[in-house]
Each structure stands twice: as C-alpha cells, then as structure tokens.
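For the protein sequence lines, the chains are B and D, in the order given. Per this note's numbering, the first sequence starts with residue 1, numbered consecutively. Per this note's numbering, the second sequence starts with residue 1, numbered consecutively.
Think of the hints as simulated: they come from the structure by calculation, not from any bench. None of the values given here were measured: they were computed from a predicted structure. Take these hints with a grain of salt, some might be off.
Below, computed lysine to any residue pairings styled on SDA-like, alpha-carbon distance capped at 20 Å [stated by the list, open to error]:
no., chain 1, residue 1, chain 2, residue 2
1, D, K46, D, S57
2, D, K105, B, G66
3, D, K67, D, S25
4, D, K46, B, G104
5, D, K46, D, A81
6, B, K65, D, H92
7, D, K46, D, L33
8, D, K46, B, Q3
9, D, K46, B, A40
10, D, K46, B, L93
11, D, K43, B, G9
12, B, K43, D, S25
13, D, K46, B, G26
14, D, K67, D, K43
15, D, K46, D, D86
16, D, K46, B, Y32
17, D, K43, B, Y108
18, D, K43, B, T91
19, D, K46, B, D107
20, B, K65, B, G55
21, D, K46, B, G42
22, D, K54, D, P41
23, B, K43, D, P41
24, D, K54, D, S77
25, D, K46, B, L114
26, B, K76, B, D57
27, D, K105, B, K76
So the derived list for chain D, only partly shown, Cβ under 7 Å to chain B, looks like this [claimed, not checked]:
no., residue
28, L47
29, Y88
30, W98
Footprint (simulated), chain B over chain D, 3 or more residues, beta carbon under 8 Å [as the list claims (entries may be wrong)]:
no., segment
31, 32-38
32, 49-61
33, 89-97
34, 100-107
All residues carry an ideal CB built from backbone N, CA and C; glycine is no exception.
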Amino acid sequence: EVQLLESGGALVRPGGSLRLSCAASGFTFSDYSMTWVRQAPGKGLEWVSIITGSGGDTYYGDSVKGRFTISRDNSKNTLYLQMNSLRVEDTALYYCAKGSGGHGCFDYWGQGTLVTVSS
Amino acid sequence: SALTQPASVSGSPGQSITISCTGTSSDVGSYNLVSWYQQHPGKAPKLMIYEVSKRPSGVSNRFSGSKSGNTASLTISGLQAEDEADYYCCSHADSSTWVFGGGTKLTVL
Chain B
1 EVQLLESGGA LVRPGGSLRL SCAASGFTFS DYSMTWVRQA PGKGLEWVSI
51 ITGSGGDTYY GDSVKGRFTI SRDNSKNTLY LQMNSLRVED TALYYCAKGS
101 GGHGCFDYWG QGTLVTVSS
Chain D
1 SALTQPASVS GSPGQSITIS CTGTSSDVGS YNLVSWYQQH PGKAPKLMIY
51 EVSKRPSGVS NRFSGSKSGN TASLTISGLQ AEDEADYYCC SHADSSTWVF
101 GGGTKLTVL
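Chain B with its partners taken away, still in its complex shape (with noise of 0.2 Å):
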C-alpha cells in the first residue's frame, strides 16, 4: 500500500526558513517523480515543485522558484522541500504527491502538512 507521510510544517515569521519532509512506502521511491502542491486556505490547489526519480531534474512554479528547492534521498525513501525566503502568501496545507510514470498525473496523496507564515 502507498503511503506518503508530510511533516515539518509550523507557524514562521516572514522571512524564515522551513524544511518539510514527505515520507514514503509502498512502492520503489527511486522509480517515480514526486511533487509537492500547496493549498491556501479555502482556496484551490497550486502546484509547488516536482523532481525526477533520479533526483537529477526540477521544476518549479513561478511563485516559488528562487526561495524553493526540491529534493530527495532516495537511501531514505524521503522528499524534501526546502523554503527560504518565505511570504505570507506561502501560508497553506503542502502535499505531496507521487508521480504516476508516465501517465502524466499524480496518483497517489500525503495528508499534507501546515505551513503558516504570520509576524
């Protein structure tokens, strides 16, 4: 069973930095792309970032390229989102998310975790 698992998220002042962690079992990490999509509240979803299995590719949306980096250890089957740098219009639920191999979609979905950005 798939199994992704969001962590490190926390209330942080404009400014700061955060690291979060995605979790993951069930299936072979190194074989999928992985990415994180966020949700403000009560808003809709915006992808973040996703990164090739090998680790060796990323990609990013234009509201956080610069302040954000994706990366993965694939010896610890974990995903990571490094943000600096942050806004309070960073301020959401981020997921992650598993890539689908090929198809084009995300299959599977952490619970997601709670970034919150206030002074």
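Fit chain D to the supplied structure of chain B, relying on the hints for placement.
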C-alpha cells in the same frame, strides 16, 4: 496562469453534469496529459481521470473525460450524493511544469 474552471456546478441525483477546464496552447492544447482530482472537505485530492480520458482502477465509470482544443471536460453521469466535492483539473505545461485549475464546487441538489 491557472486553468479556468467554473466556480460551481450543480445537479440532481441521477442527472449528468459537465465541468469545463480551459487552458491555452501552452498547456491543455498541447498535451494529452490532463488529469482530474476530486477533493472532499478536509481530505486529500483523489485522482479520478488521467491522460484526458482514462480512469484509474477503482474509479466509477460514471466519471469520464474529454478534450477539444484548449478545453478539457469532466462529465459525471448518474449523479450521487457522494459525488458532492470540489473538482480540479491539472495539465502538463511548457517547460516541464504543471498547472491546476481554480477548482469547481459540485453540489448535488
């Protein structure tokens, strides 16, 4: 820019509804990698449709997808109370990025 979806749609049990998802030639129009997600309140999104019209194992055949030009659509037939949820489209886009729609709230009357 986010894909454009109607903010809300509604239908009675047993009826059919269609949710549209309009993008551009940089996303929906150029890639057959449109997916749809169902999200119930307080829950994580669930994949309902991928590659425009394919259903994952376990998803009811009452859910179907299509695409024409820059617009994709999700149709739910035989509406049931449990279908009441938010629905989001998602498309692969240029520069290996992804974009979601703004979401549509489905109300089953």
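To see whether the hints hold, each was checked on the structure:
no., hint, result
1, D:K46 <-> D:S57, "holds (12 Å)"
2, D:K105 <-> B:G66, "violated (33 Å)"
3, D:K67 <-> D:S25, "holds (13 Å)"
4, D:K46 <-> B:G104, "holds (14 Å)"
5, D:K46 <-> D:A81, "holds (17 Å)"
6, B:K65 <-> D:H92, "holds (18 Å)"
7, D:K46 <-> D:L33, "holds (16 Å)"
8, D:K46 <-> B:Q3, "holds (14 Å)"
9, D:K46 <-> B:A40, "holds (18 Å)"
10, D:K46 <-> B:L93, "holds (16 Å)"
11, D:K43 <-> B:G9, "holds (17 Å)"
12, B:K43 <-> D:S25, "violated (25 Å)"
13, D:K46 <-> B:G26, "holds (17 Å)"
14, D:K67 <-> D:K43, "violated (27 Å)"
15, D:K46 <-> D:D86, "holds (10 Å)"
16, D:K46 <-> B:Y32, "holds (18 Å)"
17, D:K43 <-> B:Y108, "holds (13 Å)"
18, D:K43 <-> B:T91, "holds (18 Å)"
19, D:K46 <-> B:D107, "holds (7 Å)"
20, B:K65 <-> B:G55, "holds (17 Å)"
21, D:K46 <-> B:G42, "holds (18 Å)"
22, D:K54 <-> D:P41, "violated (25 Å)"
23, B:K43 <-> D:P41, "holds (12 Å)"
24, D:K54 <-> D:S77, "holds (16 Å)"
25, D:K46 <-> B:L114, "holds (19 Å)"
26, B:K76 <-> B:D57, "holds (19 Å)"
27, D:K105 <-> B:K76, "violated (38 Å)"
28, L47, "holds (5 Å)"
29, Y88, "holds (5 Å)"
30, W98, "holds (4 Å)"
31, 32-38, "holds (count 5)"
32, 49-61, "holds (count 4)"
33, 89-97, "holds (count 5)"
34, 100-107, "holds (count 4)"
Violated hints for the displayed structure, listed by number in ascending order: 2, 12, 14, 22, 27.
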